[in-house]
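Modelling step: build the complete structure from the supplied sequences, incorporating the hints.
Chains as they are written, first to last, in the numbering used here: chain A, 1 to 355; chain B, 1 to 274; chain C, 1 to 165; chain D, 1 to 652.
One should not assume that every hint holds.
[As the list claims (entries may be wrong)] Here are the simulated lysine to aspartate or glutamate pairs, EDC-like style, with alpha carbons at most 16 Å apart:
(1) C:84 x D:513
(2) B:78 x B:13
(3) B:49 x A:239
(4) B:241 x D:641
(5) D:299 x D:313
(6) D:610 x B:13
(7) D:602 x D:612
(8) A:84 x D:612
(9) A:267 x D:503
(10) B:125 x A:146
(11) B:241 x A:264
(12) A:267 x D:313
(13) C:103 x B:198
(14) C:84 x D:503
(15) A:84 x D:29
(16) A:316 x A:228
(17) A:76 x D:581
(18) A:267 x D:641
(19) D:589 x B:97
(20) D:57 x A:81
(21) A:76 x D:32
(22) B:243 x D:641
(23) B:78 x B:101
(24) A:130 x A:146
(25) B:243 x A:264
(26) B:241 x A:288
(27) B:241 x A:265
(28) B:241 x D:581
If you're looking for bench data, these hints aren't it; they were derived computationally from the structure.
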Amino acid sequence: MRGKTFIAHDELPEVLERLSKTMDVWIPTAINDEKCVIQFLPYQPDRLPVLDRQSTMPPKKVIFPQVETLLHFSRKKDENDPFKSHIELEDEEEVSPVLVFGARPCDVRGFLVFDEVYLNGPYKDPYYAKRREKTLFATLVCETSDNACFCSAVGSGPADQTGSDLWIIPVDSGYVIEALTKRAENLMPEMGKDATEAQIAEAQNVQKKVAALHIGEGDLTQSSDDFEDRFSDNEFWRDMAFKCISCGICTYVCPTCYCFNITDEAKDLDGERIRSWDSCMFNHYTREASGHNPRPSKLERYRNRIGHKFSYFPKKYKGMIACCGCGRCIRRCPVALDIRNVVLSLKKNKENVDV
Amino acid sequence: MPMDEKTKTLQEDFEKNFADLELVIGWETGFDRLHATPVFIRQPSELGKLVWNPLCSQNLSGYLAKNLDASIQEDGKKIGICVKGCDSRSLVALIQENFIDRDRLYIVGIPCEGTVDLRRLMHLKPSLENVRKVDIEGDEAVVETDQETLRFPIENVLARKCLRCLYPNPVIYDTMIGTPLKPRISEDKLYSAVEKFDTSDRKQRLAFWKTEFNRCIRCYACRNACPLCVCQDNCIAESRKPKWLTQRDGIREKFLFHMIHGLHLAGRCTECGE
Amino acid sequence: MNKKRDMMISETGTQREKEIKIIGFLCNWCSYGGADTAGVCRFKQPTDLRIIRIPCTGRMDPLFVVKSLIYGADGVLVSGCHPKDCHYAVGNLYARRRMELLKRFLPFIGIDTNRFRYTWVSASEGQLWQQVVTEFSEEIHRLGPNAGLNEKMDAETALSLFNTK
Amino acid sequence: MRIGVFICKCGTNIANTVDTEAVARKALEYPDVVYATDYMYTCSEPGQEEIREAIIKNRLQGVVVAACTPHMHEPTFRRAVEKAGLNRYMFEQANIREHVSWVNKDRESNTIKAMDLVHMAVEKLRLNQPLFSSKVPINKRVLVIGGGIAGIQAAMDCSDGGLDVVMVERETTIGGKMAKLDKTFPTIDCSSCILGPKMVDISQKENISLHAYSEIESVSGYIGNFEVKIRKKATYVDWNACTGCGECTQKCPSKKTYDKFNEGLGSTTAINIPFPQAIPKRARINAESCLYLTKGKCKKCEKVCPADAIRFDMEDEIITEDVGAIVVATGYDMFDYSVYGEYGGGRYPDVITSLQYERILSASGPYGGHIVRPSDGKEPRNIVFLSCVGSRDASVGRPYCSGVCCMYIAKQAIITRDHLPDCNCYVSYMDIRSPGKNYDEFIRRAQEEYGINYIRGRVGKIYPKDDRLIVQGVDTLMGVQMDIEADLVVLATGLEASEGARELAEKLRISYDQYGWYMESHPKLRPVETNTAGVYLAGVCQGPKDIPASVAQGSAAAAKVQILFSRDTIETDPQVALVNERVCISCGKCIEVCPFGAIQWKTLRDGSQKAEVLPTVCQGCGLCNATCPPKAVQLQHCTDDQILAEVNAVCE
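Right under this line is the structure:
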């Protein structure tokens, strides 16, 4: 096994270039610098990683694409009886191995939520599993946080290594890389030179310093009972959800939101079955075929979002809350709705609540 | 009038008139002092939350058309709402289209010097921390942090829509806070960007829009923030019957979605920039 | 002939390379009748047009035109009763405003406005209909096939555009 | 769905240039198509039988026929599928004759085009829904708007058939323009002698209620069930009390009131009855010239009225009538000749209109039937009649022929020669149009028996010289200049849509052309119907015509009403708009755009307001569908999805 390696700043493109020969390397990159939108895209020679701040969109789509074709189908009519037909199905082809380079601990933690649902459950999602198995995460120790970040409040932290395969520690002159899983070790020969003692020491200092940080106030992980108590408090939810404009951006930028919709798009006798992101903020999410909707307004929908993340999910999955504290939903919300505030408010003035 | 004073006048005005109001819609400081967020006040004791500053970008008039159904109408009491110049125009449009009843509103208009585009600000100063206050003084945006006071030329940090705003002053109001302002742009220059765009050839224009729409993630925030996008949950972009769009995320679907948005707002848009 | 046709039918992809396809939205009362009249009079026309019968041009949402063009129709022709001559009194007046708006909007978003045309042809104007179809078809042939917004190709072009900026 | 496709060869009409067999074979590849064939004459009885058999044998649920235009045989095929037990709307027709085989000879391209059209029809049909007509009861009362000869005829015919009739007349008396005429062509019989008895009948029929001096305020509802609001304008005389004795008109001191009935020749009193045979014969005070109403002093009429009928405080009153059908017979106005500056533009008192001349000729007119000049009361020695004043002249926006002028000029000239045998009559004409029964003979009599001078050519100028008028023009047949010293010039003024015709059309939601004439549903085959079901046209309001034609159309409109009322209910066309209340966002835009007032607000149980289409009023234009932002309103049988399906069939 190789020890820790070092990549100097100016060697990074070279390393990425080399890695991308054998696998798809997704990096956070600014597609239009002026607009400050950073998203994960496959590495290309003229595409540079932006590592000094959190990406606008998490790397969710690497494993869980916004739209994914599950299968192609085509109906073949019986020549003798055109009413009869048989259906030929064709799965999507295999996926290639992927390295996500430069994700942050919160981004990676999002996939742990996914894993509970799509890998460890009674049912395994083959489409998710297929990509998940072939994906490695090279995660960056997170030195930059802002007022919307709250990873420590959800039981994680800026130096949380859970779910990562490689560990990237930024030091003055570059990055120190460390393999965390067996799968990652094969990649180490590609990861620059061996790190010097001094670099390793510097990296340990950074790691230590960052690990000591507590990002976000309070503890949001034990809110399940509070939520249940509040469930019927319509006035509370009205006030909490009032400013929400029912757009879906919080769910789209969320590394843990895993809901999807499946539709068949057919033309004549051929078509494909596609799976696309869905959002519980949308009216259609729970609309029934009859037209009835059990969550008719944003009050019920917003309550569900909180409940799902902080109560239903941890109840079902060993206490794990479906929130990674990345703060994107707060940062990107057009009306700056603060999910932390809502969760903390669950506790307040409880004596007034008529249960 | 400085921002603090305006905030104070704003609070006082609502306090004076609160007896007639069931609800006040305004802005408060968000999760940090760099963010403002809509606030809905039902108790006079909470009026202290109200703020006015160049971060109050959200157009609150949309809440009136979309979210206030008949049920919250309390015996003849009115809804108080704060509007900037652009917001007031949306309000007029909504009143004209009979989505809201002018008589139910108590409108406090605030002449607006422009709102700060946080993305532009963060681009200039990515590590902006511990902000205390953001204000506009003449042609400069002033950002006070715990450590220092920063000054930026407004053309670098103001939302672009604000730089070409013709209506800094509310066009409809019951009370106005502060004195009317002059637009920062003359009418003849208003469409200079569009004119410039018009000089590009068709293929460049198509490429431009493809690039823009390619970034779209179909989260529908643009639509939901738009005060005049009144279909909301029934938008044909999501409807399966009729089915105008599929769930695919290709450029076609995004393009058509934005065409729907564009054509549905043709002749109605008040250029609030939401 | 049969062989050629069979080829064109089996390879639906290549069939389209030859045929230009124009979608015509025609009001039932005037232009559809005008097209019938042109047929009855045997006024020869190009074969590119596929007519969709609608009750009135007032039924036309401009989005039908946008959708057709984005999805690869080579041309779109909307035709109804002459203004003031609408079967439903005012339907075509609304249509005229909408189509005029669309005509100005299309170039702004980079769609060739020459691929879209609206005209007024009454049920008796078979000759005019022949002229309209012939001229418009010639125009569309001159412009060539419309790629529309092709999914895959465009994702790539769009990305390459980011990088060259 | 199980769809059957039938490709018609139409003999050789289609089969010559379209490979129908290949189209049928291709159709089998489309989704849901389980049966496809071609046939020689699909519309023939055996062809229809084949469709019916195929429906039953293959348990088809929808049928596409690719044949001629649906305008030709859609009803035929709908009946055919209905006979086999399908809903008539589970049918689509692809037009591969008028739109394909007849307009190009390229067999290969035609075949592909036909395949596409069949494909589109199949895709649309897959989204068709069975539609069902509903039945609504008919209110068997008819409203006749306008009490001229056309309206009178329509009202009488309806009344004679046993229908209740409501007649609304704008003036204080019925009779219209015909009541002002002296004689009628080509028989020279007395106009009031033939009209008078009909007017009296109207007043005496028990099933006709007459609202004179009234106008239509608004019309709502739909065929079989209209609700009409009528404004009864203030007459300042209680017509229930007034006996029409005329005492008041004798004593009224305001004698300079414009005499509308006499076309402004002479003047009348502020309180007045237009003419002795008026129906109803009731007095009305002209508020603009009444001394009491303008200056607050007088009340002479009140003092002399033996019936105490004067009501100075009277106001307009709105009444409501419910009817099942409406006959519009609002007639016309005379063209305002003053736009012709070269004819004096109204400045010379002895240049008059033909209708003024009728009043001069009339024994009940201002001069008692003596032909004298308005300026000095002298008998004229030379009279010139000018034809086409405001007709066939695009420069004044009147390119159409008024149709009656040639004839009435001949009539007036003949009567003139009867009255004043020494008076020379000249007629300056462009062309003579006399296509009616005995009309051309009449013109010949004028020329040959009565020695009236017909001069072909236009008059360029009329100017006064001493107390006469010089009519200067050109005689195009002789090729010489024409200068006639005339004592009186009669302008054959053309006909134009009556004042307020457009406003009324909008209330009735019927179409009018660029001149304001009301548009019939079809110029040849539906000449008295409008595009608003239950509204019919009679007389000149639809376009210039003479008395026989107006009477004929009045009777025709009455016949249409009788036909409608011969049933107790009407079946509605189910191809109408329908609102999905769950999707409706209550913006009201559909209500604003609907040309027929077919959409109204409906209050749901939760108090919210949603749009609702009245299926009986809806004409199926789809304007609301195009306007509705969330597409909550969908036009049945032409929904967004159906149009999109057709688009998608062509694209990609």
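How the hints compare with the structure:
no.: 1; hint: C:84 x D:513; in the structure: holds, 6 Å
no.: 2; hint: B:78 x B:13; in the structure: holds, 14 Å
no.: 3; hint: B:49 x A:239; in the structure: holds, 15 Å
no.: 4; hint: B:241 x D:641; in the structure: holds, 7 Å
no.: 5; hint: D:299 x D:313; in the structure: holds, 12 Å
no.: 6; hint: D:610 x B:13; in the structure: violated, 37 Å
no.: 7; hint: D:602 x D:612; in the structure: holds, 6 Å
no.: 8; hint: A:84 x D:612; in the structure: violated, 42 Å
no.: 9; hint: A:267 x D:503; in the structure: violated, 50 Å
no.: 10; hint: B:125 x A:146; in the structure: holds, 13 Å
no.: 11; hint: B:241 x A:264; in the structure: holds, 14 Å
no.: 12; hint: A:267 x D:313; in the structure: violated, 74 Å
no.: 13; hint: C:103 x B:198; in the structure: holds, 15 Å
no.: 14; hint: C:84 x D:503; in the structure: holds, 15 Å
no.: 15; hint: A:84 x D:29; in the structure: holds, 12 Å
no.: 16; hint: A:316 x A:228; in the structure: holds, 14 Å
no.: 17; hint: A:76 x D:581; in the structure: violated, 39 Å
no.: 18; hint: A:267 x D:641; in the structure: holds, 14 Å
no.: 19; hint: D:589 x B:97; in the structure: holds, 9 Å
no.: 20; hint: D:57 x A:81; in the structure: holds, 13 Å
no.: 21; hint: A:76 x D:32; in the structure: holds, 12 Å
no.: 22; hint: B:243 x D:641; in the structure: holds, 6 Å
no.: 23; hint: B:78 x B:101; in the structure: holds, 10 Å
no.: 24; hint: A:130 x A:146; in the structure: violated, 35 Å
no.: 25; hint: B:243 x A:264; in the structure: holds, 12 Å
no.: 26; hint: B:241 x A:288; in the structure: holds, 13 Å
no.: 27; hint: B:241 x A:265; in the structure: holds, 14 Å
no.: 28; hint: B:241 x D:581; in the structure: holds, 14 Å
Of the hints listed earlier, those the structure fails to meet are numbers 6, 8, 9, 12, 17 and 24, in rising order.
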